[in-house]
Amino acid sequence: GQQVMQIPQYQHVQEGEDFTTYCNSSTTLSNIQWYKQRPGGHPVFLIQLVKSGEVKKQKRLTFQFGEAKKNSSLHITATQTTDVGTYFCAGNPHSGYSTLTFGKGTMLLVSP
Amino acid sequence: NAGVTQTPKFQVLKTGQSMTLQCAQDMNHNSMYWYRQDPGMGLRLIYYSASEGTTDKGEVPNGYNVSRLNKREFSLRLESAAPSQTSVYFCASRVTGDKGNTIYFGEGSWLTVV
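Order-wise, the sequence lines are chains A and B.
Under the working numbering, the first residue of the first sequence carries the number 1, and numbering increases by one thereafter.
Under the working numbering, the first residue of the second sequence carries the number 1, and numbering increases by one thereafter.
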């Protein structure tokens, strides 16, 4: 079955440093989604990428979808303590497919 | 709109007891899901319902049963709880067949089996 690998599992940065998490799928994806889960909270949708090579930005967050539509990345510029949480990617093999396959997530800790 | 509502939020069970986690969504979504989340394991799909009247096993279905009562409600039942089922459970819903197929999660149910 489809597998989605996410690295690193954990990262601890100083406030102001950059952070990147990577997501790789074993199969080509129709689209990929990113979610953020704050400590003690529930996952919340951040963004969806659909097109090959797509790049989207949300303030300090930059999301990329690979040309082959098998990998993706989330980059945070100049982290803040509010960025603390776990970031999950979720791959969708077909548009309209019933289930998404989640990566195991990257836990980000930001020290002031 | 309340979104996805699940109850209870916290529960302690003794081994062998049964319980049902309730979930309801008010977004008229077709698909509903139950996930469990354990440290280092990410979100693992237990069961899902692609539409009213259908249910399918996910990655970790053993020890659980589900009921899609109607389009709004999707319950998860533990017939004989085991300590290995100590986890955080998330119900979720989604509109399928749409490019904007975001998954919306409930706030979670923290279950401890002793």
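FYI, nobody ran anything at the bench for these hints, they're computed from the structure.
All figures in this text were calculated on a predicted structure; none of them were measured in a lab.
It is possible that some hints are incorrect.
[Stated by the list, open to error] No farther apart than 30 Å at their CA atoms in a straight line, the calculated lysine-lysine pairs in the BS3-like style are these:
id, chain 1, residue 1, chain 2, residue 2
1, B, 14, A, 51
2, B, 57, B, 71
3, B, 71, A, 36
4, A, 57, B, 9
5, A, 104, A, 56
6, B, 57, B, 9
7, A, 51, A, 70
8, A, 104, A, 51
9, A, 36, A, 104
10, A, 36, A, 59
11, A, 36, A, 70
12, B, 57, B, 14
13, A, 104, A, 70
14, B, 71, B, 9
15, B, 9, A, 56
16, A, 56, A, 36
17, A, 70, B, 71
18, B, 57, A, 36
These are the hints, each one checked on the structure:
1. For a cut-off of 30 Å, the pair hint linking residue 14(B) to residue 51(A) is broken: about 49 Å separates their Cα positions.
2. Restraint check for residue 57(B) and residue 71(B): the C-alpha separation of about 18 Å stays at or below 30 Å, so the hint holds.
3. At most 30 Å may separate the alpha-carbon atoms for a hinted pair to count; residue 71(B) and residue 36(A) meet this at roughly 27 Å.
4. With a CA separation close to 34 Å, the supplied pair residue 57(A) and residue 9(B) exceeds the 30 Å bound.
5. A hinted pair counts as satisfied when its Cα atoms are at most 30 Å apart, and residue 104(A) with residue 56(A) qualifies at roughly 22 Å.
6. Under the criterion of a C-alpha separation no larger than 30 Å, the hint pairing residue 57(B) with residue 9(B) is consistent with the structure, at around 24 Å.
7. For a cut-off of 30 Å, the pair hint linking residue 51(A) to residue 70(A) stands: about 11 Å separates their Cα positions.
8. This hinted pair checks out: residue 104(A) and residue 51(A) have alpha carbons roughly 23 Å apart, not beyond 30 Å.
9. The hinted pair formed by residue 36(A) and residue 104(A) meets the criterion: a straight-line CA distance of about 12 Å does not exceed 30 Å.
10. Taking the CA atoms of residue 36(A) and residue 59(A), the gap is near 15 Å; set against the 30 Å cutoff, the hint holds.
11. A threshold of 30 Å between alpha carbons decides the hint, and for residue 36(A) with residue 70(A) the separation of about 20 Å falls inside it, so the pair holds.
12. Proposed proximity of residue 57(B) and residue 14(B) is supported: the alpha carbons are some 25 Å apart, at most 30 Å.
13. Simply put, residue 104(A) and residue 70(A) have alpha-carbon atoms about 16 Å apart, close enough for the 30 Å limit, and the pair holds.
14. For the suggested pair residue 71(B) and residue 9(B), the alpha carbons sit about 22 Å apart, so the restraint of at most 30 Å is met.
15. Taken as a hint, the residue 9(B) and residue 56(A) pair is broken in the structure, with Cα atoms around 35 Å apart against an allowance of 30 Å.
16. A hinted pair counts as satisfied when its Cα atoms are at most 30 Å apart, and residue 56(A) with residue 36(A) qualifies at roughly 16 Å.
17. In summary, the hint linking residue 70(A) to residue 71(B) is not supported, as the alpha carbons are separated by about 33 Å, beyond the 30 Å threshold.
18. For the hint pairing residue 57(B) with residue 36(A), the CA-to-CA distance comes to about 25 Å; that is within 30 Å, so the pair holds.
Hints 1, 4, 15, 17 from the earlier list are contradicted by this structure; the remaining hints agree with it.
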